[in-house]
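Taken in order, these protein sequences are the chains called E and Y.
Each residue of the first sequence is one higher than the one before, starting from 1 at the first, in this note's numbering.
Each residue of the second sequence is one higher than the one before, starting from 1 at the first, in this note's numbering.
If you are wondering where the hints come from, they were derived from the structure by calculation, not from laboratory data.
Here a beta-carbon is modelled for each residue, glycine too, at the ideal position from N, C-alpha and C.
Keep in mind that the hints are not guaranteed to be accurate.
Stated by the list, open to error - To be clear about the criterion: a stretch of chain E counts as covered by chain Y if any three or more of its residues have a C-beta under 8 Å from a C-beta of chain Y, and this derived list gives those stretches: (1) 16-23; (2) 26-38.
What the hints assert, rightly or not - Pair by pair, the computed Cβ-Cβ distance ranges are: (3) 65(Y) to 45(E): 23 to 33 Å; (4) 34(Y) to 73(E): 50 to 60 Å; (5) 70(E) to 210(Y): 25 to 35 Å.
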Amino acid sequence: MAHFYFDVNDGRKRSVDDYGVTYNTKDEAKQAAMRELSLIIRDDLPDGERANYVVTVRDETSTPIYVVMAAVMGESLLEYT
Amino acid sequence: MQDVSALTRKLRNGAALSGEDVERLERIALTSRCVPANTDLIKEHETTEYVHVIESGVACRYKITPDGRRAILALLLPGDFCDLHVAILDHMDHSIGTLQESRVSRVSRDDVLQMLSASPAISRACWWATLVDEAVLREWLVNVGRRRTDQQLAHLFCELYTRLEAVGLAENDRFRMPFTQTTLGDLVGVTQVHVQRTMTQLRDKGLITQQDREIGLHDFNAVAEYSDFDATYLHLGGRSEDAGPGRRQRNE
Numbered sequence: 001m002a003h004f005y006f007d008v009n010d011g012r013k014r015s016v017d018d019y020g021v022t023y024n025t026k027d028e029a030k031q032a033a034m035r036e037l038s039l040i041i042r043d044d045l046p047d048g049e050r051a052n053y054v055v056t057v058r059d060e061t062s063t064p065i066y067v068v069m070a071a072v073m074g075e076s077l078l079e080y081t
Numbered sequence: 001m002q003d004v005s006a007l008t009r010k011l012r013n014g015a016a017l018s019g020e021d022v023e024r025l026e027r028i029a030l031t032s033r034c035v036p037a038n039t040d041l042i043k044e045h046e047t048t049e050y051v052h053v054i055e056s057g058v059a060c061r062y063k064i065t066p067d068g069r070r071a072i073l074a075l076l077l078p079g080d081f082c083d084l085h086v087a088i089l090d091h092m093d094h095s096i097g098t099l100q101e102s103r104v105s106r107v108s109r110d111d112v113l114q115m116l117s118a119s120p121a122i123s124r125a126c127w128w129a130t131l132v133d134e135a136v137l138r139e140w141l142v143n144v145g146r147r148r149t150d151q152q153l154a155h156l157f158c159e160l161y162t163r164l165e166a167v168g169l170a171e172n173d174r175f176r177m178p179f180t181q182t183t184l185g186d187l188v189g190v191t192q193v194h195v196q197r198t199m200t201q202l203r204d205k206g207l208i209t210q211q212d213r214e215i216g217l218h219d220f221n222a223v224a225e226y227s228d229f230d231a232t233y234l235h236l237g238g239r240s241e242d243a244g245p246g247r248r249q250r251n252e
């Protein structure tokens, strides 16, 4: 069991996780980061047509150990502009 | 308001109960026993001769997915019949377990059926309770399928407050959340990380205050509007013709 912190940068705001969550293994924390990324995009569509979302996992010593990213891009195709 | 059992307080919302009806219901509550937190009252696929009533504490209906995640499908608060179904249906299609230490009464199936046939008012009140359970489930489906996590949590808090208030267990727009933050994730179908982030957002927006498990709704109407909460589905106004539509807005 170990404690992990999940910082999120959605391109507009960087939020630092002060509380953290306990997981049994590092792999569970990695999966949680991946799932968190998908939930953030589900809840919070980008303002414009481009956005980058980054979730960084820190361990108990505050050392970053894992990062997941997603880029969202929308682009009008020529014939429909 | 605390002089009668939570069961009586709850069912009074669904039908006009006579003194005799109240006595019948009070007899059920006398048999309550203490059940520790995270204990199953009945498991999926089981069949039982007993129906459970929550007198204090909280339980939930849940299912476990094959990969081990828990989905909570209903919260059972004081006064709620957990499994009136088993008086009619043969096997449970889900499990019921406590989320914190609770007082639970166990009533035999025969006693339930006898009580229902002896009193049309109790029968009507139990029918009302079952219909309200269905209405809550409909609202939760909308919650899980169509609302953002921040709205889902805000909606859940409005519902919890309103239901606890109806049985005399919450007032002044504050209530004690009867479970942990992990449970919140299982209630709205997101990770603990996401619950924590979203709770922070709700606090930052000034919609809720949180001190340990005590949740304060800063302005109930504002939280209700934010989360599209309309208390009509809890059907607490009874059917009296002058009751009008459910209280979407309060304290006006």
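Quick rundown of the hints versus the structure:
1. 16-23: holds (count 3)
2. 26-38: holds (count 4)
3. 65(Y) to 45(E): 23 to 33 Å: For residue 45(E) against residue 65(Y), whose Cβ atoms are near 27 Å apart, the range 23 to 33 Å holds.
4. 34(Y) to 73(E): 50 to 60 Å: Once the Cβ atoms are compared, 57 Å apart, the range 50 to 60 Å for residue 73(E) and residue 34(Y) holds.
5. 70(E) to 210(Y): 25 to 35 Å: 29 Å, holds
In this structure, every one of the numbered hints holds.
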